[in-house]
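Each chain is listed here by its residues.
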Amino acid sequence: MQTILVCDDDKQIVDAIDIYLTGEGFRVLKAYDGYEALEILEKQPADLMIVDVMMPGLDGIRTTLKVRETSSIPIIILSAKSEDTDKILGLNIGADDYISKPFNPLELVARVKSQLRRYTQLGNVNQQTGDKVYKCGGLTINDDTKEVWVDDEPIRLTPIEYNILLLLVKNTGKVFSIDEIYEQIWNEEAIGADNTVAVHIRHIREKIEINPREPRYLKVVWGVGYKIEKQ
Amino acid sequence: MKSIKPRYYSLQIKKNIAVLLHILFLFLAVHGISFIYLNMGTGAGISWLFEHNYEDSDAFQARFQEDLDHIFNYVSYRDCLESEGVLDLTSQMFAVSNRDGPEIIYTLEEVLRYAKSQGYYLNDHFDVVNDMFLYDNAAIDRNLRISWRAYMTDQKLSEPGDAYTSLLELSKEVLYCLSEYYKVHYRMIVNPSNLYFQIVYQNQGMDPVIYSNCPELSMEEMSSMGIFCRQSSDSIFIDTNLKEIPQNITMAMEKNDFYSAEHYYLMAAVDTRYQADDDYADAAREYELLHRRLLESAATVLVGILGCLATLSYLAVTSGFRDAERTKPNIHSIDMIYTESCVVLTAVCTLFMLFLGEKIGYPLLHLFMAYDSWAFAERMLRAVLIYGCCMVGAFSLLRRYKTGLLWKGSMTRHIRENISLYFEDRTFSHRLLCGYLAFLGVQAAGFGILGVSLYFLRFPAARAVLLVGLFLMIAADYLVYHKLFMESVQEDRIADAIARIAGGDTAYQMDTAGLTGKELAIARMINSIGTGLEHALQEQVKSERLKADLITNVSHDIKTPLTSIINYVDLIKREQIQNPKIQEYLTVLEQKSQRLKNLTEDLVEASKVSSGNVKLEMTQLDLVEMIWQTNGEFEEKFATRNLELVSSLPSECMMIQADGRHLWRVLENLYNNAFKYAMAHTRVYAEVVSEDGQVWFTIKNVSENPLNISPDELTERFVRGDVSRTTEGSGLGLSIAQSLMKLQDGTFRILIDGDLFKVKIGFKLVR
Numbered sequence: 001m002q003t004i005l006v007c008d009d010d011k012q013i014v015d016a017i018d019i020y021l022t023g024e025g026f027r028v029l030k031a032y033d034g035y036e037a038l039e040i041l042e043k044q045p046a047d048l049m050i051v052d053v054m055m056p057g058l059d060g061i062r063t064t065l066k067v068r069e070t071s072s073i074p075i076i077i078l079s080a081k082s083e084d085t086d087k088i089l090g091l092n093i094g095a096d097d098y099i100s101k102p103f104n105p106l107e108l109v110a111r112v113k114s115q116l117r118r119y120t121q122l123g124n125v126n127q128q129t130g131d132k133v134y135k136c137g138g139l140t141i142n143d144d145t146k147e148v149w150v151d152d153e154p155i156r157l158t159p160i161e162y163n164i165l166l167l168l169v170k171n172t173g174k175v176f177s178i179d180e181i182y183e184q185i186w187n188e189e190a191i192g193a194d195n196t197v198a199v200h201i202r203h204i205r206e207k208i209e210i211n212p213r214e215p216r217y218l219k220v221v222w223g224v225g226y227k228i229e230k231q
Numbered sequence: 001m002k003s004i005k006p007r008y009y010s011l012q013i014k015k016n017i018a019v020l021l022h023i024l025f026l027f028l029a030v031h032g033i034s035f036i037y038l039n040m041g042t043g044a045g046i047s048w049l050f051e052h053n054y055e056d057s058d059a060f061q062a063r064f065q066e067d068l069d070h071i072f073n074y075v076s077y078r079d080c081l082e083s084e085g086v087l088d089l090t091s092q093m094f095a096v097s098n099r100d101g102p103e104i105i106y107t108l109e110e111v112l113r114y115a116k117s118q119g120y121y122l123n124d125h126f127d128v129v130n131d132m133f134l135y136d137n138a139a140i141d142r143n144l145r146i147s148w149r150a151y152m153t154d155q156k157l158s159e160p161g162d163a164y165t166s167l168l169e170l171s172k173e174v175l176y177c178l179s180e181y182y183k184v185h186y187r188m189i190v191n192p193s194n195l196y197f198q199i200v201y202q203n204q205g206m207d208p209v210i211y212s213n214c215p216e217l218s219m220e221e222m223s224s225m226g227i228f229c230r231q232s233s234d235s236i237f238i239d240t241n242l243k244e245i246p247q248n249i250t251m252a253m254e255k256n257d258f259y260s261a262e263h264y265y266l267m268a269a270v271d272t273r274y275q276a277d278d279d280y281a282d283a284a285r286e287y288e289l290l291h292r293r294l295l296e297s298a299a300t301v302l303v304g305i306l307g308c309l310a311t312l313s314y315l316a317v318t319s320g321f322r323d324a325e326r327t328k329p330n331i332h333s334i335d336m337i338y339t340e341s342c343v344v345l346t347a348v349c350t351l352f353m354l355f356l357g358e359k360i361g362y363p364l365l366h367l368f369m370a371y372d373s374w375a376f377a378e379r380m381l382r383a384v385l386i387y388g389c390c391m392v393g394a395f396s397l398l399r400r401y402k403t404g405l406l407w408k409g410s411m412t413r414h415i416r417e418n419i420s421l422y423f424e425d426r427t428f429s430h431r432l433l434c435g436y437l438a439f440l441g442v443q444a445a446g447f448g449i450l451g452v453s454l455y456f457l458r459f460p461a462a463r464a465v466l467l468v469g470l471f472l473m474i475a476a477d478y479l480v481y482h483k484l485f486m487e488s489v490q491e492d493r494i495a496d497a498i499a500r501i502a503g504g505d506t507a508y509q510m511d512t513a514g515l516t517g518k519e520l521a522i523a524r525m526i527n528s529i530g531t532g533l534e535h536a537l538q539e540q541v542k543s544e545r546l547k548a549d550l551i552t553n554v555s556h557d558i559k560t561p562l563t564s565i566i567n568y569v570d571l572i573k574r575e576q577i578q579n580p581k582i583q584e585y586l587t588v589l590e591q592k593s594q595r596l597k598n599l600t601e602d603l604v605e606a607s608k609v610s611s612g613n614v615k616l617e618m619t620q621l622d623l624v625e626m627i628w629q630t631n632g633e634f635e636e637k638f639a640t641r642n643l644e645l646v647s648s649l650p651s652e653c654m655m656i657q658a659d660g661r662h663l664w665r666v667l668e669n670l671y672n673n674a675f676k677y678a679m680a681h682t683r684v685y686a687e688v689v690s691e692d693g694q695v696w697f698t699i700k701n702v703s704e705n706p707l708n709i710s711p712d713e714l715t716e717r718f719v720r721g722d723v724s725r726t727t728e729g730s731g732l733g734l735s736i737a738q739s740l741m742k743l744q745d746g747t748f749r750i751l752i753d754g755d756l757f758k759v760k761i762g763f764k765l766v767r
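Protein sequences appear in the order of chains Y and A.
Read in order, the letters of the first sequence correspond to residues 1 to 231 in this note's numbering.
Read in order, the letters of the second sequence correspond to residues 1 to 767 in this note's numbering.
Isolated chain A, as found in the complex:
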């Protein structure tokens, strides 16, 4: 016991550890999936796996595009805001006139002041913000007519309303220009940046107009930085190593060509070493970090799933048994209920857990998760709950399967067994009635459904029901036919078995394989009948043998004293006693003792022959020759009673198959019979004829005593033609002859016609 217990515990502990590990791996997988799902954004697939660098990512592309747009805005607005390379507050921004009033020119400073007065200013990200709301009619009144705007030189005023605006609108426009200017100026020109750009417009004989944060760099230097993009007026081709070509470059270049330059070009490059500490460097660092985290999460998912599978398979293999040898079944209380109930219980538990999850789990998740990821987190929670509950149920089923309870403990089986109660031990008529009623029920239900669906045939659902219903009905009808057919087959087999047993094959046992229900019971009964019959038959043969043995033994015991009687009677005779009375007595004694001797011998022979306890040596012999031989043996004997033997035998041979010695015994008995019971001075006829392949020997004599006895009775043992039994004879002769003929496959018939006694024996003619 001591050696078993630790093992048992260790397996249980192993299983518990496996369960814990499974939960752990599951958590890993869920965590990894959630991280990837939430951080990657949907729609990109798993291409992130191959984007090793920030430059390959869409985020970089978007940022680059955005920065190019900023640069083009800078190019548009720089010249009207700057003079001599610095921001000039005195720059004239626009000119307006109020109705018919004079044209007023606003400088940058004036515009900024007005904007400030209205609450508009630029924050530290150079975005236009308004932190106060003033409702000023004058400010929003669109009554100013625009004369010109320095930042929008190519403005075409096509509609009447276009030319009128409010001062506030114009101020906001200027602020926007300033914002764009500052963004590029501060981020890329004043501060170090990883984005380098050169935009150059050049006319022949004039100084080129250059917009750049790195005018000293050559094309080659810039293109070797990493990511670059180049476009020149010579070509429509944009030379870049970006994943996607930036949009609007050519259009923006042309739009900003205020000088009608003969030659211009754009060169923008990003230093992918990110030496300068700017947004690009930050974004690249973040991207690197995220990418690494995604890869880690992918690995986590992989490990989690593999671990889940491994622990699951280990649990699947070990579950259901208490020990490693898999001998003791491990059954929990949940495994005791019906299989179907277990499934239903699992479903109910799952629903309940989902309900609990919604009421408790969701709020908990909401506490920890960002709003955006709530939906996903809830979905994951539901999946985990369903998985957990189903696993419990699945393992219960697995344990049942392993311990063989799956079918044994199922409700279906119980129902089936209970239903079979209706059919077993019932009469055939009862079974037929039940079956027929079930058939009628199915048929009626089927036709009902078909009728209803035919009525609503215009609905597709009804058509589907019609098809399915038809199919089900055909299937059910076929099932009924199949069941009836199988039962009929079984009944046929039973009938066959009965026929065989009735035909004498009492040892026949029918094969009960494939038989069911009542047929099986009947087959068993038939088998027991066969066994009983066979038993009785063997008993009979055995008792016949015993009887024969008894008779033989008794005769042996009689023979020994009989020997003394015969011998001493003979000795007295030899004494030559002259008393005639004694001579007479001696004659009686001699006759009767001789009779007793014959009786015992015949008795032994009769019992042996009738129990079949004799050896047969079948040979081919000539019946005609045999009758001649027999005649020779008996002629003189017949003459002593003045009987004339008349033979009518064919001259040719009549070959038969028989045992010569036994046949001689038959003939001897028949001739002796004739000798004993024929009327003296009559003829005894012996003849042999052949007909239809049979050879018949007939012996006829006229009986001395009237034969008021049936032929059948004559062959009974100890029955004799003379009821008084005064003549010599045991009464066994005909019985022995008949039995011997039967043993030799011959025919034996006794015919009685008045006093004419006739015995006919037949054999099959051999040739």
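Excised from the complex, chain Y in its bound form:
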């Protein structure tokens, strides 16, 4: 049973998260400020920590920094601050994910699971090997079996969606315009392309992303094209 430390100064939020995570089969440790969280971590190890930013005493950012001094467990920051700068700050100091309040409970659970899978899989990455296996973070594509996994969850894609994703994953970090994708996948010259590609991309995102509005893998470069972010 995996242990998750939840730290927030709002007791009701901690309780709600407790209910959700316990329901998913996790053991939950509760802390109401940074010092308490550090004390608990000293006594017993946790597999993941969810921490609020704005807390009395030691705040989430400094707690994260403290934890990172001794441990590499996944840390998810939970904050009412939703601006880009706050997210960037949180991720830069060592957090693995960032969820802004108010959050969707299902999203939270999905993200917790995703983080845990990646963390525990670090040891057995070679589970799937072969020339035609492409990996990008939690995303794995096996071109032999035409299978796609996100955090060990198998994903069902249509052939076109699969081809587009494969093209992007093969060229991780490269930006493809709608016309380029069209020409590569349909093997036709794009004549005044329409929104077919964009619609397919949206479908792929809905399938592989936890929150399609804030994609982790398939990113839109507005006015230029699409790309798979290097993890």
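Do not rely on the hints blindly, as some may be mistaken.
No more than 20 Å apart at the CA atoms, straight line, and that leaves these computed lysine to any residue pairs for SDA-like [said to hold, decoys possible]:
no. : chain 1 : residue 1 : chain 2 : residue 2
1   : A       : Lys760    : A       : Leu599
2   : A       : Lys408    : A       : Gly504
3   : Y       : Lys81     : A       : Val344
4   : Y       : Lys219    : A       : Glu635
5   : Y       : Lys87     : A       : Asp557
6   : A       : Lys15     : A       : His332
7   : Y       : Lys81     : A       : Asp549
8   : Y       : Lys66     : Y       : Asp84
9   : Y       : Lys81     : A       : Leu562
10  : A       : Lys615    : A       : Glu668
11  : A       : Lys742    : A       : Lys760
12  : A       : Lys637    : Y       : Lys81
13  : Y       : Lys11     : A       : Val569
Simulated from the structure, these hints should not be mistaken for laboratory data.
This one's a predicted model, so the numbers in the text were calculated from it and none came from an experiment.
Chain A: place on chain Y using the hints.
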């Protein structure tokens, strides 16, 4: 304090000593100048400086010439007065006859007796004097006819009256001859003299006739004595070492040649050692003394002038301060009055002193001075008085200059300041009126003077006045023009400053240097307006920021309880309560809490965007590609409300400069807007066109509700197309979109035509 006081006193004492010394030196200089002036005689310049000896002087020259004349007279008269080398009283002097009477011969003795009887005799200087006046008809009656005169052998009687004379006249003539004879005889022959002379007339085979006081001396001996003069019958040349050749020598030699001598010569010499005690020796001694005194006086003048200058410069340097460090100003009561008054006072004092000098000083001088030198002494007194008074005034001015009071304490400045009162704090019209009246006055006065001088043009003075008047008028007119021009320049600068501030440069401060009077006041006011505007603007920006911060903080505080609400609503839902009413309530709760979430997020974004508190990452991107991407995102969403998205996009790229994420937010808001407010089962048109270097994206939809609202109002915060506000939406979408477009230098327009709602955004085409 103790250490300061002695210094202060010592400087004062030094100054007093310097003043005394100055007076002393002045006295020396005046004394020296007076001595030189009075003793030298005018006209000779300063050549006396180089005449070291008496022999070089004009006085010697005159005396020598005079003595030569005496010697020639002696030569003329000696032979008729002497026999055997001594004066013979029996010598026959002249013969006269009274009318037809017999010829009577008078001897010297008889003549002398007669002369004595008439009161004539020779004094101890051998001058003819008469100490009694006898009126004797016989004595002055010119009835004697002269037969001959021993002392005037070559007398030619050319006129009838010449031959008749009185006995008294003849006696006086004889006395005169005797006087001349004695002068030389006693001064040079009987008594030792420094003047040696030899006059020799010689005929072949006869004894030479010698007139001399030193017949034994040779030519060489005499010429080595010092000053000599030689002339002989062989030559017309006069050999002398005198400064000027003595006059009449050759003529006198010829005149006295009674013997028709074949050969004659004159040798006269002065022994410059002045061994004999005579007039020459006296004069030489006196001359030496005077010369020395003159040199001393010259030195005195030099020392006096140098001393005056030295003390004056010392006083000039130290005046105005109480101490050597020149920190404490030394101001006397005279320095407190106006500068101009000081000048006038000095002038008045000078005049008064001159008056006093005339009334008191002149009589005092007259007591001590010789009559000849009165005029000079009075002149010197006047000069000294003027000098003294002017010095007092000049030092007052100097003190003022050093302590900065010269201009500050001047009446001109006061008048100027008072005049500027007429111009400062007055309206422009008042100032213009004053200036114009002054101009008119000057002009009228000028033309008056010109007219009068033109009328009297034949007088040279009038012509001079005309020229000067013309010049002054041109100068005055130019001054008026210059003043007006400078004021206009200042006004131009003010206008420029106002234009800049009006143009939005509220931080602009005008340079007040070179501005005067009213313009300066206006410039200051403009600067304070600019400062006030800038201040207000910054206040506004600051308050906008504060508002944004407040909204952000409030939203954060709302979000935390909202999280619990959403979570617990979800938890209740999971309880699977079978009561349909509760399910319905839960749906409402879920919807509204979601709405609240969107509202708070939009609110934060709107306040951030409108206060400009967002980061921009401008990149080049293709608007066409972007619209395709956006269409892809929304097509299915539109389909849920049966909206058909019709795109009309060009096939080529339309590159623009924008921040992709912000532009996405704009487009997202516009598409969401269309999604929310478009009438179901209608088409939504999206098109991109380029014209004149601009790329325009337009989205059009038919509104479900009538749009009885102006486009401007739609972009106001919290304004929505549906007044009832029943639909989902914060009312901030268009406001955020507009603000973001403004931040990206784009154009944002809303057009409403009936129910047709149209939004147009434009960017500059990059290529």
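Each hint tested on the structure:
1. Between lysine 760 (chain A) and leucine 599 (chain A), the direct Cα distance comes to roughly 25 Å. Violation of the 20 Å bound is thereby established for this hinted pair.
2. The hinted pair formed by lysine 408 (chain A) and glycine 504 (chain A) fails the criterion: a straight-line CA distance of about 43 Å is larger than 20 Å.
3. About 87 Å separates the Cα atoms of lysine 81 (chain Y) and valine 344 (chain A), which puts this hinted pair outside 20 Å; it is violated.
4. Between lysine 219 (chain Y) and glutamate 635 (chain A), the direct Cα distance comes to roughly 18 Å. Compliance with the 20 Å bound is thereby established for this hinted pair.
5. About 18 Å separates the Cα atoms of lysine 87 (chain Y) and aspartate 557 (chain A), which keeps this hinted pair within 20 Å; it holds.
6. Our distance criterion of 20 Å between C-alpha atoms is met by lysine 15 (chain A) and histidine 332 (chain A), whose separation comes to about 14 Å.
7. For a cut-off of 20 Å, the pair hint linking lysine 81 (chain Y) to aspartate 549 (chain A) stands: about 12 Å separates their Cα positions.
8. Among the hinted pairs, lysine 66 (chain Y) with aspartate 84 (chain Y) is inconsistent with the structure: their alpha-carbon atoms are about 23 Å apart, more than 20 Å.
9. Proposed proximity of lysine 81 (chain Y) and leucine 562 (chain A) is supported: the alpha carbons are some 13 Å apart, at most 20 Å.
10. Annotation: proposed proximity of lysine 615 (chain A) to glutamate 668 (chain A) holds, straight-line Cα distance about 19 Å (limit 20 Å).
11. Distance restraint check for lysine 742 (chain A) and lysine 760 (chain A): the Cα-Cα separation of roughly 13 Å lies within the 20 Å cut-off, and the hinted pair is therefore satisfied.
12. As the CA atoms of lysine 637 (chain A) and lysine 81 (chain Y) are separated by approximately 28 Å, the hinted pair breaks the 20 Å bound.
13. Among the hinted pairs, lysine 11 (chain Y) with valine 569 (chain A) is consistent with the structure: their alpha-carbon atoms are about 16 Å apart, no more than 20 Å.
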